[in-house]
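Student: Sequence:
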Amino acid sequence: MNLSRGTVVYGLGLATACVLLAAGVSAQVRPSGQPGDQKPQLSEDVFKNVRVLRGIPVKEFMGTMGFFSASLSLNCTDCHGGASASDWANYAIDTPLKNRTRQMMAMVKTINDANFGRRPSVTCYTCHRGSQRPKVIPSLAAQYGEPPADDPDEIEVLPGARQTAAPDQILDRYLQALGGAQALAKLTSVTAKGTYEGFDSDFVKVPVDVYAKAPNLRATVVHMTGGDATSTYDGREGWLAAPTTLAPVPLMPLVGADLGGARLDAQLFFPGQIAQLLTNWRADFPPATIDDQPVQVVQGSMPDGTRVKLYFDKASGLLVRQTRYATTAVGTIPTHIVYSDYRALPGVDVKIPFSWQVTWVDGQFTINVVSVQPNAAIDTARFARPAPPR
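Add 16 to a position in the sequence shown, counting from 1, and you land on the number used in this note's numbering.
Think of the hints as simulated: they come from the structure by calculation, not from any bench.
Any given hint could be a false lead.
[Claimed, not checked] Beta-carbon label-pair distances, calculated as ranges: (1) Ser371 to Gln198: 20 to 30 Å; (2) Gly196 to Leu267: 32 to 42 Å; (3) Tyr160 to Thr241: 49 to 59 Å; (4) Gly133 to Asn391: 50 to 60 Å.
[Stated by the list, open to error] Capping the alpha-carbon separation at 30 Å, the derived lysine-lysine pairs in DSSO-like fashion look like this: (5) Lys202 to Lys330; (6) Lys367 to Lys221; (7) Lys367 to Lys202; (8) Lys151 to Lys114; (9) Lys330 to Lys367; (10) Lys114 to Lys64.
All C-beta atoms in this analysis are idealised placements derived from N, C-alpha and C, irrespective of residue type, glycine included.
My request is simple: use the sequences and hints to build the entire structure.
Tutor: Next comes the structure, spelled out in structure tokens:
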């Protein structure tokens, strides 16, 4: 994806730019569900000149911007103009590309309303596939050349496929690869220090602190040059906070699939009860590889029905990728997390990944752990709602 300062993101899960302020037809926009007691900030309450994408949480609004970016390989300033790079307020200015997008959203809505029961079966990505102009002439090179490699994120269950291993067998093997259920039960907290690099840090490595407490508390503090960017989950609710130099919204509650994802990420630090974290487990996927290594894929559902795929290395049994999905006003977007560099924690017979890379339609970041302390005392206040940065 073509990203620049115009696509500034703070990589704790929030896209912080690409505020496309489209207009016209709002009937296809779907309000997100919201676990917890927090009232979500709506797009029209935060941004100016919002004409179509009204009535949806800001986080979903940002995900919709990422959907556009991924579909057309454009960054924020491509649509919003160069002036948007210097002032968040300039994202409200109309541009020809924004107006064209409004027309295209109306067209796609008409197609889906007439043919697919108002479901987003046709999206920007259906035709554009990363190009600004949909291709209308068949490519002979594509027709007769080598087919592109399969994207592991896109693998789906084959109807009538026979399972080579049951989900519980794959999950049990994962627990054994980490050290076994008894050892995992003795791990009550993790405090880690390391480095963070992503689009929002201009790919400069900056310090990061990670805190996790069983069974489902987690906080991440990235020490950016302009101030700390923080993500917290307190077992029920979650938040993202960042300086206004990085984000147009300094404090944002997580809702919907984003809140469910924060819960799952916190729980996976203590995966002894992984079989109970999701429901509707299945493993009838076709053979798949990641980086030329065979993997076993299992899928489960979050409480709100959001699908999650977990990819386990067939040789080691370790979790190497998680892919989950979120619904936006124009279609479904993926987020995947790659886990690597598993090492045993000092003093306990448990392995955790010392590196994880998070990729989604608005950006990417990597955390590499340098030092870690298991079973240290962590004040529960560490996971509470953070104060809005200045």
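Student: The structure should be examined with respect to each hint, and the outcome stated for every one.
Tutor: Hint-by-hint comparison with the structure:
1. A C-beta distance of roughly 26 Å is found between Ser371 and Gln198, which places it inside the suggested range of 20 to 30 Å.
2. Judged by the Cβ atoms, the range 32 to 42 Å given for Gly196 and Leu267 holds: they are separated by roughly 40 Å.
3. At roughly 51 Å, the beta carbons of Tyr160 and Thr241 sit within the given window of 49 to 59 Å.
4. The beta-carbon spacing between Gly133 and Asn391, approximately 52 Å, falls within the hinted interval of 50 to 60 Å.
5. Between Lys202 and Lys330 the alpha-carbon distance is near 26 Å, which keeps this suggested pair within the 30 Å criterion.
6. Proximity of Lys367 to Lys221 is assessed by CA-CA distance (about 24 Å); at most 30 Å being required, the pair is judged to hold.
7. A distance of roughly 13 Å separates the Cα atoms of Lys367 and Lys202; the hinted pair therefore holds under the 30 Å criterion.
8. This hinted pair checks out: Lys151 and Lys114 have alpha carbons roughly 21 Å apart, not beyond 30 Å.
9. A C-alpha spacing of about 17 Å is found between Lys330 and Lys367, which places the hinted pair at or below 30 Å, so the restraint holds.
10. Restraint check: the Cα-Cα separation between Lys114 and Lys64 comes to about 14 Å, which is no more than 30 Å; the hinted pair holds.
Hint compliance for this structure: every hint is met.
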